[in-house]
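Undergrad: Here's the letter readout for the chains.
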Amino acid sequence: MKTPLALAISAAAFAFSSAALAGDPQSGGTVNTIVQPEPPGLVLGMVQNAPTRTVAGNIYEGLLRYTTDLEPMPQLAKSWEVSDDGRTYTFHLREDVTWHDGEPFTADDVVFSADVFHRELNPSARAVLQHVENIEATDDYTVVFTLNKPFGPFLISFEAGTFTMVPEHLYAGTDFRNNEHNDHPIGTGPFKFANWERGTVIELVKNDDYYEDGLPYLDGVNWHIIPDGGSRAVAFENGTIDVLPSGTVENFDIPRLSAMDNVCMTEEGHEYFSPFAMLWMNNREGPTADKRFRQAVMYAMDREFAKDVLWNGLGNVPLSAFGSNARFQNDDLEPYDYNPDRARELLAEMDYDGEEITILPLPYGETWTRWAEAVQQNLREVGINVETQASDVGGWNQRLGDWDYDLAFTYLFQYGDPALGISRTYLSDNIAKGSPWNNVEGYENERVDELFNAAATAFPDEKREALYHEVQEILHEDVPVGWLMELGFPTLYRCNVQDLVTSGVGVNDGFKDAWLER
Amino acid sequence: MVYARLILMRLLKAVIVLLLIVIFNFFLIQMAPGDPAAILAGEAGAADQEFINQLRERFGLDQPMYVQLWRYVSGIVMLDFGYSYRLGVPVFDLIMDRLPATLLLTGTAFVLSLVLGIVAGSMAAARVKKPSGSLIMALALVFYATPLFWVALMSVLVFSVYLGWLPAYGLYTVGAGYTGFALVLDIAQHLILPATTLALFFMAIYTRMTRTSMLDAAQQDFVKTARAKGLKPSVIQRRHILRNALLPIITLAGLQAGQMVGGAILTETVFAWPGIGRLMFEALQQRDYNLLLGIFFFSAALVIVFNIFTDLVYRLADPRIKGAS
Amino acid sequence: MSFFARFAQNRGALIGLIILLLIIVMAILAPLLFPESPWRMVQRPFLPPLSQEGFLLGTDTMGRNVAAGLMHGAWVSLLIGLVSTSVALLIGVPLGAIAGYYGGLVDDFLMRFTEFFQTIPNFALAIVLVAIMQPSITSIVLAIALVSWPPVARLVRAEFMSLRHREYVEAARLVGQTNSTIILRQILPNTLSPIIVLASLMVATAILLESALSFLGLGDPNVMSWGYMIGAARTVIRQAWWLSFFPGVAILLTVLALNLVGEGLDDALNPKLSRER
Chain A
0 MKTPLALAIS AAAFAFSSAA LAGDPQSGGT VNTIVQPEPP GLVLGMVQNA
50 PTRTVAGNIY EGLLRYTTDL EPMPQLAKSW EVSDDGRTYT FHLREDVTWH
100 DGEPFTADDV VFSADVFHRE LNPSARAVLQ HVENIEATDD YTVVFTLNKP
150 FGPFLISFEA GTFTMVPEHL YAGTDFRNNE HNDHPIGTGP FKFANWERGT
200 VIELVKNDDY YEDGLPYLDG VNWHIIPDGG SRAVAFENGT IDVLPSGTVE
250 NFDIPRLSAM DNVCMTEEGH EYFSPFAMLW MNNREGPTAD KRFRQAVMYA
300 MDREFAKDVL WNGLGNVPLS AFGSNARFQN DDLEPYDYNP DRARELLAEM
350 DYDGEEITIL PLPYGETWTR WAEAVQQNLR EVGINVETQA SDVGGWNQRL
400 GDWDYDLAFT YLFQYGDPAL GISRTYLSDN IAKGSPWNNV EGYENERVDE
450 LFNAAATAFP DEKREALYHE VQEILHEDVP VGWLMELGFP TLYRCNVQDL
500 VTSGVGVNDG FKDAWLER
Chain B
0 MVYARLILMR LLKAVIVLLL IVIFNFFLIQ MAPGDPAAIL AGEAGAADQE
50 FINQLRERFG LDQPMYVQLW RYVSGIVMLD FGYSYRLGVP VFDLIMDRLP
100 ATLLLTGTAF VLSLVLGIVA GSMAAARVKK PSGSLIMALA LVFYATPLFW
150 VALMSVLVFS VYLGWLPAYG LYTVGAGYTG FALVLDIAQH LILPATTLAL
200 FFMAIYTRMT RTSMLDAAQQ DFVKTARAKG LKPSVIQRRH ILRNALLPII
250 TLAGLQAGQM VGGAILTETV FAWPGIGRLM FEALQQRDYN LLLGIFFFSA
300 ALVIVFNIFT DLVYRLADPR IKGAS
Chain C
0 MSFFARFAQN RGALIGLIIL LLIIVMAILA PLLFPESPWR MVQRPFLPPL
50 SQEGFLLGTD TMGRNVAAGL MHGAWVSLLI GLVSTSVALL IGVPLGAIAG
100 YYGGLVDDFL MRFTEFFQTI PNFALAIVLV AIMQPSITSI VLAIALVSWP
150 PVARLVRAEF MSLRHREYVE AARLVGQTNS TIILRQILPN TLSPIIVLAS
200 LMVATAILLE SALSFLGLGD PNVMSWGYMI GAARTVIRQA WWLSFFPGVA
250 ILLTVLALNL VGEGLDDALN PKLSRER
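First to last, the protein sequences are chains A, B and C. The opening position of the first sequence corresponds to residue 0 in numbering that gives the first Met the number 0, with each subsequent residue numbered one higher. The opening position of the second sequence corresponds to residue 0 in numbering that gives the first Met the number 0, with each subsequent residue numbered one higher. The opening position of the third sequence corresponds to residue 0 in numbering that gives the first Met the number 0, with each subsequent residue numbered one higher.
Next up, chain A with everything else stripped away, as it sits in the complex (with noise of 0.2 angstroms):
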């Protein structure tokens, strides 16, 4: 199992660094991918879910992108100053940019998007808008952000995705969520809108006008709607889809289409969000509200081999609550090894009386049905009476809300720093009903909730860097959640399709620098 994917990896990174040596990139020809599921709609900021992002995301533009590192790179402002207090953040515009439509693209649109849209319609946008006093355009190209405190990750929110400039000639004074724009997406980017089939295909063309020179080269990019995972696999190899990205096709899918001919992978490209799977621990009620519980479930669980088998070995077994792409991670903590002899003894010592509990797979595919199955079994050999609660994405979306579990699997994006990813997670404030994102397992400690909050405010990072540390050596006692993996998401792509991943991001904003090699 192992041994012939270590292959496929290291040729598929052997193919990725010859690919540096290809020659000079050339235009023309058209790509064909994937989006799974089918998005709601193409309006980014309006909808914010990934399939949505995968495919605006070159519709759309943000004021920066970001390096796999997550350093930030020009991209609608063409540069920044950040004031000496952490408060003032000043952006220069490109001149040059057009909207799909041919209307300018100015200070204006950035503060009506910002000020108006975003607060209204985004609550990412909102999280992190929370911060900002003022948002003033001095000149037609120059925006000055000003905050009510510093705030670290202030910099790391500007992706396309996460803060999308959309046009305010469009938008402005009209009933956003109707608007007859919402059918035809205008933007700034590499691509414009040109057709959606439902339940069939997303064509993007090239926009002849982009400001970049000679970007994009693709001719255009066909997301393809192919909703079982099974055909997805058969596209890809019998060629009609060129690239798989993240997550379309099913784990146990990799191994084979990435040791085919010609074909390449690549873990790159999802750093900004790099998924981390969490087993949410009830701590209001039940066996789970016992910290020593929550400790035996993490000696429990063999993580290593759920990342073997289900993730072919891609990804990371996290310590704590921090990922390694994350900013701030704590190396000095303990691991929680597979240790179920440990684990059985924390249960006799709590006197676990073999109350039944239930686990709540995430339904989002095979992977998860078969994670849950392993975690369930996991937790059966240490004597842990475990059940199974099957669900789909309603009733999974129901219980977490009411808080109506005892165990139940996630994963959330952590956008690169603490305090816009994690934080949210543990904070006693982020308690509420209704939502499966926030603080669903119900952790309060002052303590925590102290150090989170002084640390997002802190400045520089060195004062942030000290308190976040704190945190993560409580956290990795009380257990508040399960922490599974910090996920590997390969994405797969014909090898002729050059420079494919170039960001943080990965294809939500890749074929701006795609070629075809031919």
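I should point out that these hints are in silico values taken from the structure, not numbers from a laboratory. The structure presented is a predicted model; accordingly, all values stated were derived computationally and were not measured. Where a beta carbon is used, it is the ideal one built from N, C-alpha and C, also for glycine. Be a bit skeptical, because a hint or two may be false.
[Unchecked claim] What the simulated footprint calls covered on chain B by chain A, stretch by stretch (three residues with Cβ under 8 angstroms from a Cβ of chain A suffice, anywhere in the stretch; the number is not a length): (1) 84-90; (2) 155-166; (3) 271-277.
[Stated by the list, open to error] Facing chain A, from chain C, some residues (calculated, C-beta under 10 angstroms): (4) M25; (5) A26; (6) N178; (7) G230.
Here the structure of chain A is known, so what remains is to put chains B and C in place on it, guided by the hints.
TA: Frame of chain A; chains B and C shown alone:
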């Protein structure tokens, strides 16, 4: 004239049944756990309460249930099926987008299974005591007993993956830009696997039914008379026996139409066929109530149309049945 | 001729009965031969059949023993088939009996009700019911029963209509037997044979339905059923054909056997109607 009144009566009855189905399904769906707004917000990955409230208000989910029902039913009467929560597109448009694919698939499978079933069944009836007749019946039984999705999976494996003869999924080759006859040919190629796998099961039913009812008919007096008159066995088989045996088969076929629409869900899932069966499954998972109700309405309507259609065929096949009897 | 002799005359039925008995034996022996849970991950994943001693049919995606799953699954499939058929009979028989016996408005109403259920595509209804109740053995059994009772009601109604004016029924009425006694004691026993034949076919259909639901991910996650095994193996069908092949064959054989037995029962119970085969 008589036909016109008959159809009118049937249609009137159909409208009442459809209305009842709408109400029944409305309450059924209300019982499902999970709020569409929460699911949509959940999909967005970062849901705050404000966002969920915005969505609920937008979908009218903040209204009491009787208001929601009244709005929905009065909408339906005006043929307004509302908007899909998730896709923000009128339900009617979505269904009309997908309906042709389902009609093509189920229609083809229906005709295919009926024709092949009747042919195989009458062959088996004519070869009652011969091994070839038993072979046909054994095959029919095997098809009947095989899970539909399993046949679908295996046929993809054999015909698209190993042999590479037929496309494995979809309605047509996306990006090929075919038009006119080339497009028809392309769609036909894509249709072969899903239509055949869907048809096999029903074909097995019709084969068995045809054989039984032909053997029944062969015992009837008029057949004996025909034999006594010295007509050729093949003529008797076709003119006398088959004609009479057809009636119960057609009735059965009408009753099976609903099953076929249901079976299409599996076929459409495996073959990524963009029909309403697949749409229904997605709508259910997403709690996209308006869309789900719309699909139920249309699939029930489809079943009723199939029933009326077979009823008419029945009357054409048997001139003895007249009027509104 | 005795009942069994008539049954055994139909060679197919005999074969069916043997297969069915084998499957029942499998189900009974499962906990003895494989006392451990079929969910236990016992070996390397994706072991092909016959490649390792003790793993006749290989292992699945998680290293679980396929043979163990298949045997435990026999139990689940048969159970779901039998229970859901019984529930369907409990709904369909009384409705059909009442409609057929009383006729008139009652009949009209009950038959409209039945038709109504037949107008909703039954697999679609089953999916919705399971999704609403959330997948578990109980919800699956209920959903299958709720979509499969209408044919029972129709059959029983037809039988009752043809029997209700028979002499022995009229006689019972004359001696003052109550309607319920007449229905239960006089008519129902005479409709049993077609009901039994139909029931045997319904068990087969129920097994198919359960497998289809499981295939779509709507099975009970705590029991290893054949449909679950195929559904779980569907994504790996390319690299591990045996994972979906064996349970597929198991379903095929069971459903086949039940149908053959049904035909045999038909012959044995309705000797006048049985035809030369």
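Undergrad: Take the hints in turn and mark each one as holding or not.
TA: Here is how each hint holds up against the structure:
| no. | hint | in the structure |
| --- | --- | --- |
| 1 | 84-90 | holds (count 4) |
| 2 | 155-166 | holds (count 4) |
| 3 | 271-277 | holds (count 3) |
| 4 | M25 | 23 angstroms, violated |
| 5 | A26 | 22 angstroms, violated |
| 6 | N178 | 44 angstroms, violated |
| 7 | G230 | 8 angstroms, holds |
The earlier numbered hints that this structure contradicts are 4, 5, 6.
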